[in-house]
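A.B. asks: Sequence:
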Amino acid sequence: MKATANGTPRGRLVIVGNGMVGHHFVEQLVARGALGRFELHVFGEERQRAYDRVHLSEYFTGSCAETLALCEQGFYGDNGVHLHLGEAVTQIDRDRREVVTEQGRYAYDQLVLATGSYPFVPPIEGSAGDARLVYRTLDDLDAIRAAAGSARRGVVVGGGLLGLEAANALKSLGLEAHVVEFAPRLMPVQLDAEGGAALKAQIEALGVGVHLSRATQSISTGSDYRYRMNFDGGEYLETDLVVFSAGIRPQDALGRACGLEIAARGGVVIDNHCTTSDPQIFAIGECASWNGSVFGLVAPGYAMARNLAGLLVGEAPVAFTGADMSTKLKLLGVDVGSIGDAHGATPGARSYRFIDEASAGYRRLVVDASGKHVLGAVLVGDNSYYDTLLQYAQNGIKLPADPAALILPQGTGAPALGADALPDSATICSCHNVSKGAVCAAIDGGCGDLASVKACTKAASGCGGCAALLKQVVEHELSARGVSVDKSLCEHFAYTRQELYALVRVEGIRTFSELLQRHGKGHVGCDICKPAVGNILASCWNQPIMDPALVPLQDTNDTFMANMQKNGTYSVVPRIPGGEITPEKLIVIGQVAKKYDLYTKITGGQRIDLFGAQLHELPLIWGELIAAGFETGHAYGKSTRTVKSCVGSTWCRYGVQDSVAMALRLEDRYKGLRSPHKLKFAVSGCTRECAEAQSKDIGVIATDKGWNLYVCGNGGMRPRHAELFATDLDDETLVRLIDRVLMFYIRTADKLQRTSVWRENLEGGLDYLKQVVIDDSLGLAAELEAQMQHVVEQYECEWANALSDPEKLKRFRTFVNDQRADPDVHFVRERGQRRPAVPLHLIPTHEEAV
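Counting with full-length UniProt numbering, you get residues 1 to 850 for the letters of the sequence shown.
Hint data in this document are derived by calculation from the structure and do not stem from the laboratory. Every value quoted in this text rests on a predicted model; they were computed, and no experiment measured them. Be a bit skeptical, because a hint or two may be false.
Claimed, not checked - Mimicking DSS-like on lysine-lysine, the simulated pairs with C-alpha atoms at most 30 Å apart in a straight line are:
#1 LYS705 <-> LYS330
#2 LYS808 <-> LYS594
#3 LYS595 <-> LYS808
#4 LYS372 <-> LYS471
#5 LYS530 <-> LYS751
#6 LYS808 <-> LYS678
#7 LYS770 <-> LYS328
#8 LYS372 <-> LYS398
#9 LYS330 <-> LYS398
#10 LYS770 <-> LYS330
#11 LYS601 <-> LYS678
Build out the structure end to end from the sequences listed, making use of the hints.
C.D. replies: Structure, rendered in structure tokens:
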């Protein structure tokens, strides 16, 4: 036992399990300063540190173990936590207070079991090899991917939450997917009969076979496929692989073997403070049984972790008294929601139902005998009603006179329950147990916007399902405190960027001075409104930014059509569409770089950047590049940057579509498109996703039937996965939908707002965007396409335009009346290439760099 800084003995706390709940427990201990009390050891059976199992299926569509990780690489070591990965605990010696692994024995003063659960595999004759795969860990997914390489069809046994996720995974791997469920409906725990039927119809419409009331008796050799699944009653289904997802069981073997009390239905028995029958051993998450119940969702496990962490560091005990099992999910792209008593089992309960057979939509509202309070709900096909119904159920809010109004079509979902109607105890974020009161406290503590509230409370940083409600509460509370949420662009324009865009477009305004005269105040504008209006004018009319009336609106980079580097020199970035380049053009780039002694770098966007050019050299360099057939790459603008691609079906043995040809088409179409922020695209030729399309604003992934379109992702400081928007598109439909998405974004986004943030703030979310773009709910489709076509037709290489105009070339001089280089610039060498040591007066200010 080690001592703390003040000499007090420091106990050894051992945690068995490094899943989501175990990791959250460690986070809570670190946040509470527990390392001053404990020497902390964490044992994980898997080789990877804790990762996000909720989004496990994304592993098949571009994510890797690192992107799914719940913390940075150095989190444990930096906080003094001893992490033992790939070291399974095989025994607990309660007498000696030790845990045993193959590597040795480790003493503990207190022990926490966070071992989670394991997938249940029914004892079926013939289930072995590829006929006995499960869907639980990254290793399991690697096994599924390997088996899928030579397969045409895959079957999932189990139609619950994980079963449908597994079916989605098989579909993403290009297999014909089927689901076999023993019960007469899908998701039998969460959904009633009508809800299950609606979900079945929607999933079958996506091309997934659903087989209900089927009990698999044995698995034998198939005739057309590798295996034959033989069902009770003589029916069968052939497949190349079988994934079992028939439920989970508590991973209680360690507790059972060392004599801890085990519940009748499995799970280590705990009390209200997560203590087992041994007062020195605790259990949290899916391995624990509280009051005879095991909770298979992450939120209850997080609640146990928080309560136990507080208890161990000496805070006032907070009892765990059960958990709300309400869930909001998207399974194979289908919205599913289940709240409270979804089956109406409460005595006297009454139900209101809305059934939409045309779209396979279903909603059920369960109320108490008095008709005044919500007991539960079921939603299939539209989760826009979920947040409102959940708040009614959780907070006992009195129902309106006509409760059915809460589930009847309203155009944009259920009538919004105002933030002022929610009590402070209302749970906003169930993953991190953030109440409305906690949000209010964060605002009172100085958080003045949504981003700072998220950072302070962690709300909306779990599953993200509460983002819309959180935004509503934050804006309401800021307004209630007299904080004006002023959306004016600046002091010169009392409009948002979206409103200014509409004015420019509708009135045909083509200059800043005209816009300022008609709709602004003042005479010259400022550094906020001028670049914003310049961007709007470019998005609408695509005139050369070097035209005399437009030059004053540009920032430093656009003014010289090159990125200014921190040493005062500039970068030159020619466009290399799709990453495809000829040997002749490669030679030209090399010759130019050598001639002007430029530093060269191949970027992550499959381009070659040339650094270290002086201002007077830019026209000379671009003259040579354009003569060789290059165009500007717009690396300096808020515009389309790159369309990254893999090698596609021409070269890759896995490719199913010509991704390079599609990348070339997209880059040629959208080059020069100005937007609120930079745009990056990628096209992958198969689901192995080598072009990393799901980290891009527009991502395209090939299938054997066409293209899947993903939208609104990005890397960088705030990574966000793109979301699946449409599937199996032909070439023309793909381009048409991208036209609409991009132009709708350009119309409605705020200044300097990336597509990811725009999407997160979009009222109605992805479903609303689909309605506008795919279903043309606003009647804008033809107009959006026409606007994009106008921009495409107006394209002109900005550097080619400047080189043809002597007046524009005058801008590229260090001295107004002299074409010489700056004599004060001296060069040093770094990695064999020159690097300017620039006088202080040439180093850009922060404002210029921005």
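A.B. asks: Honestly, which of those hints from before does the structure not fit?
C.D. replies: No numbers; nothing is violated.
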